[in-house]
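Asks: Each chain, letter by letter, is given below.
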Amino acid sequence: MSTRPAIVVERLQKAFGTVRALDGIDLTVPQGTVLGLLGPNGAGKTTVVRILTTLLAPDGGHAEVAGFDVVRDAVRLRSAIGLAGQFAAVDEMLTGRENLELVGRLYHLGRAEARERSADVLERFDLVDAADRTVKTYSGGMRRRLDLGASLVGRPVVLFLDEPTTGLDPRSRIGLWEVIEQLVDRGTTLLLTTQYLEEADKLADAIAVIDHGRVIAEGTADELKSQVGGDVLELVVVRREQLKDAVTAIAPLTCGEPQLDEDTGQVRVPVKGGANVLADAVRHLDAAGVAIADLALHRPTLDDVFLALTGRATAAEAGVAS
Amino acid sequence: MSSSPASLSWAVTDAIAMTRRNLVRYVRVPNLLVFSTIQPVMFVLLFTYVFGGAVRIPSGSYKDFLLPGILVQTVIFGSTQTGVGLADDLSRGMIDRFRSLPMARSAVLAGRTLSDTVRNLFVVLLMIGVGLLIGFRFHAGFISAVGAIVLAVLFGLAFSWISAFIGMAVRDVESAQTAGFIWIFPLVFASAVFVPVATMPGWLQSFARVNPVTNTAEAVRALCQGGPTATHVFHSMAWILGILLVFVPLSVRRYRRV
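Sequence order for the protein chains is A and B.
Residues in the first sequence are numbered from 1 upward in steps of one, following this note's numbering.
Residues in the second sequence are numbered from 1001 upward in steps of one, following this note's numbering.
Keep in mind that a hint or two might mislead.
Here are some chain A residues pointing at chain B (derived, C-beta under 8 Å) [claimed, not checked]:
1. S79
2. H108
3. L109
Chain B is nowhere near these chain A residues, computed Cβ spacing over 10 Å in every case [claimed, not checked]:
4. G85
5. E98
6. E234
These aren't lab readings, by the way, just hints derived from the structure by calculation.
Beta carbons: idealized from backbone N, C-alpha and C, even for Gly.
Kindly produce the complete structure, drawing on both the sequences and the hints.
Replies: As structure tokens, then:
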């Protein structure tokens, strides 16, 4: 049991009418690790989470969480998991404390234990001062923290967070990341879905990129980045009209399609390896008479990876309807 | 689907926890209760004083005729809130959370229908209070009066389960409001709630006579006013049982797959 993966998913299938939401997904999440499920809207991320948390029955394939089959052992599985979905699913009319104690009671904890764990969660999530106010008075970030807290009252072995920071302002997002990192340090297995590549990069041990109901790439953030092949050269021209000239000038160094941003005058392009890329780029640009404001060499971000894998822009920009 | 003693006791405990959760809002925001009582009280006053003089009833006072009918109308209107509340929970993601917890599958629905029944009981008692102030009287003794109240509230509980099914089928609050209400109107108005069935045209009478609202209004009325009660009460109870037998399993099934 101790070496058994916390989540096993094999050839998982689900169709809604004629739409194949999941088209044979395989995933394995070892205990105590974080898997980031990354993909655009409608890729099938939420469907995976809904099946693994027993909210939805699969059409085919097999899935187990904490050793329990999602179909046959659904009842016992629910005692072992926590879920925070895309909404902050907390009751506005109850106080923060009442929300947590209610969830504790529904996990079938005793009254005293539900109270104790709720107090513990309130403290951990910095909600002690607001604990006895109705949730109606909470900010969006506080609601998300309470929602996340509610998913932990049952001390789950495996935690599912479906786009936990969607709709939050950057400050609340970073705050929530810190909380999630602490959780993971305590050894909870976490499956996290996100559209934010930065989020997966920051929180996940391993990342599975899914698109159209299939896993199209898997690995650590570094492994995925290396799939893009080498580094990314990023430069900003002084005069926008020289954007094309810049691309032509550095063409001998590149190994992929350049991304141009007409508004900022920025070019991003994968380049072949080599220590002299920067110096070579400067020389080529100088020879072509292109004035540059900024020039830098980056390891590729997951944005670059996603573009390379799907041929489409990043999830946030693509905005494919689900 | 197991029905061991342990899971049965959890079903009760979980349903009580959910009932409390739903009732807390009335304590915290008493306005919610005030507004759900104003309308029925207004119906009592308007019908008594505006239509009371025009409606001819076979015997007794219109106040004694009307109030039992309005009690039945009130519990049915009140029951539409069950579907609205569930649709609200659905659209806020609350139902997803509850369904991911190891709680009893019946508890969300049972808690919602029970808390709406408690609210219905409160409104019914308040209306009887208002009725007593303007001249309504029980004529058949204490036990029958209690029986009238229990029957009205049970009838509301049965309709709450229909409402629950509608709420989970339509899934959003506005649709639940509309879909939960439109079919109620003909049932309530083409019944013995406000007027004796005998005053309606023949074709409508045949509908009104089989209408469960008529059966229940007549049963509650008989329990308040005296006179033969057995047939009406039997018909009403048969409807209540029939509705529950159909809509409890239908709604729970819907909840599992929602």
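Asks: Which of the stated hints cannot be reconciled with the structure, identified by number in ascending sequence?
Replies: Hints 3, 4, 5 are the ones this structure does not satisfy, whereas the remaining hints hold.
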